[in-house]
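From first to last, the protein sequence lines are chains A and B. Position 166 of the first sequence, counting from 1, maps to 166 under the numbering used here, and the rest follow consecutively. Position 272 of the second sequence, counting from 1, maps to 1272 under the numbering used here, and the rest follow consecutively.
There could be a bad hint or two in this list.
[What the hints assert, rightly or not] Stretch-level coverage of chain B by chain A, calculated; a stretch enters the list once three of its residues show a Cβ under 8 Å from a Cβ in chain A:
no., region
1, 1137-1148
2, 1172-1185
3, 1241-1255
4, 1259-1265
[Stated by the list, open to error] Some chain A residues flagged as far from chain B (calculated, every beta-carbon gap over 12 Å):
no., residue
5, 110
6, 125
7, 128
8, 147
9, 154
10, 236
[What the hints assert, rightly or not] These stretches of chain B come out as covered by chain A in the derived footprint (C-beta under 8 Å, 3 or more residues):
no., region
11, 1024-1038
12, 1219-1228
13, 1293-1299
If you are wondering where the hints come from, they were derived from the structure by calculation, not from laboratory data. Being a predicted model, the structure only gives us computed values, none of them experimental. Yeah, the Cβ is synthetic: ideal placement off N, Cα and C, and Gly gets one too.
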Amino acid sequence: MSAKLPPPRLLPSGDSAITVEFSRNIDDMANQRVLALDRTIARQTIAGVTEAVPTYRSLLVHYDPLQIGFDALSAQLLALAQLPVPPFTTTRRWRIPVVYGGEHGIDLEDVARTLSTTPDDIVARHVAGDYRVAMIGFTPGWSYLSGLDKSLHLSRRQNPRLLTPAGTISIGGVQTGVQCLAGPSGWHLLGRTPVRTYQLHRDPTFLLEPGDAVSFAAIDKKTFTEQDRAAEHGEIVAELIAA
Amino acid sequence: MTRLVISAIGPASSVQDGGRHGAQRYGLTPSGAMDRLALAAANVLVGNVPLAAAIEIGPFGATFTARDGAVRVALAGAPRNADISGRAAAFHSSMTLADGEALTLGFARVGSFSYLAIEGGIAGEPMFGSLAVNARAGLGSPYPRPLQAGDELQTAAATGAAERRIELPALTDAPIRVVLGPQDDEFDDAQKRLFLDAEWKISATSDRMGYRLEGPVIKHLHGHNIVSDGTVNGSIQVPGNGAPIVLMPDRGTSGGYPKIATVISADLGRFAQTPAGKVFRFQAVSMAEAQAEFGKWAELLRTLPDRVRPIENFDLNIEALQDANVAGAAVSAVDAGTWSP
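One chain only, chain A, in its complex shape (with noise of 0.2 Å):
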């Protein structure tokens, strides 16, 4: 039978949107309720509830207080927050190219050097994770992934770099992520996917939902150059193994 979960915290972030947290902390746990409480609301709309944004440790519900009043939602939320937590029945497994090290990866070597490791070890142990999309934000596409091996946390940079490539694939902290548009990073820079994320008159616009598994595979940099030109013309190269 199922017990109730413990409850989140449900905290106002002005009249207009409740974060519902589950967890001050990166947990892996916590991130499987927020997500599936973003289906359940999606699966069964609550009126007034316009938009929802899942992050790592809590859900961030945007209504509209002219339809729901704070304490009526925060009471709905709540009771679906502690529902069991289904298991994901349909996802989305994707495998993601990526050309590791040397210019497209900058930070590998460095990397290698302060695990006392080779650059090889390090993208043996990156592709051989099991990831799951996290949470996207920050800026379009950028894509959160849970599942780094332990031996791969690393502290952020002392100094970000204002501007990082397109399409970086990157570690940092407990995450690895995968980069969409070119912009500033504090995180250590592995290698780079052609793979377009966010991609305007593309059908999907965006590639990654929050809750998809990812895996990546290494690709050779002639390979990244004739997928990067495919998907400028709006290939997806991604590869779906399940859905």
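Fit chain B to the given chain A structure using the hints.
Below, chain B without anything else, positioned relative to chain A:
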């Protein structure tokens, strides 16, 4: 086709509307007008839906020229001197630029953002239901970037409808109201009191992503790193240096600094219009009060069309002259109260 040509324009000016919603879960921020009530006022004057796309004009001046037909427009938001090919032009009134005529705007006298709405709206390709510019994501139409001199907006030819004016409630200088949270428990009572009691100024380095505040240093209870969670317009996050940042419509969708409080929806536009360097305070209100104020604000937005009135000739002249701040002697001889409705 009729065009409005951007003959001159300063930075921080772009096409904005009610914003794009529903894709924050993919990291796509809503963008949209900094002062939605002003956007709506300008739009209803020319018969558009309230949150239709219009030109958000930053603090500096601008010149717009009608080409291949007359263009009917209206101005609202931060007041500034305005003239149409030499004759004074009023805020909060519709007006028509004849083919070839130019509307010239000075610097914002109070506030930061003015809105120029165009009858029939701006032709463009909506992305996620919006033309709003989000330069970082390459979104916005017809230009996915701030406007530049030489840009042209395709628009409808003026219908020749009678010109109208709108009466808006007077702006107040009251404190900016906030609801504490979501992470006010990352600050002790003394720091929360300091935040609410202090005099603050908006830094000149602010932009559509966030307004940086100058004032006392706000200290965290447990350090400044939290695990990222979602943000809203008006989230007040406190980074490591203790100088709060109020997140604005081009914010990141998630952030990793504790958020001490959130500006209430009803005060977001007024806050966005607070000029850099002007002293202001925050005031904490209850959730019930914040939501009641939201209701009043939404009702004002909904009933804007009821506030639109036909322009009598004397209204136009007096208001235009007062607003343009010219011909001082002629205007000051008139008791403005005489003309109040």
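Structure-based check of each hint:
Coverage of the region 1137-1148 of chain B by chain A holds [criterion: at least 3 residues with CB-CB distance below 8 Å; count 3]. With 5 residues having a Cβ less than 8 Å from any Cβ of chain A, the region 1172-1185 of chain B passes the three-residue criterion, so the hint holds. Residues of the region 1241-1255 of chain B lying with their CB closer than 8 Å to a CB of chain A number 3, which satisfies the three-residue condition for coverage. For the region 1259-1265 of chain B, the stated coverage by chain A is satisfied: 5 residues place a CB nearer than 8 Å to a CB of that chain, which reaches the threshold of 3.
With a least CB separation of 23 Å from chain B, residue 110 of chain A remains clear of the 12 Å interface cut-off, as annotated. Under the 12 Å C-beta cut-off, the non-interface status given to residue 125 of chain A relative to chain B holds; the minimum distance is some 24 Å. Look at residue 128 of chain A: its CB is around 25 Å from the nearest CB on chain B, clear of 12 Å, so calling it non-interface holds up. The claim that residue 147 of chain A is not at the interface with chain B holds, since no C-beta of that chain comes within 12 Å of its own (minimum 16 Å).
At the 12 Å boundary, the C-beta of residue 154 of chain A stays outside the reach of chain B, the nearest C-beta of that chain being 16 Å off. With a least beta-carbon separation of about 16 Å from chain B, residue 236 of chain A lies farther than 12 Å from that chain, consistent with its non-interface assignment. Counting residues of the region 1024-1038 of chain B whose C-beta lies closer than 8 Å to any C-beta of chain A gives 5; at least three are required, and the coverage claim holds. As drawn, the region 1219-1228 of chain B meets chain A at 3 residues by the rule of a beta-carbon pair under 8 Å; at three or more, the given contact holds.
Here's how the region 1293-1299 of chain B fares: 4 of its residues keep a CB closer than 8 Å to some CB of chain A, so the rule of at least three is met and the hint holds.
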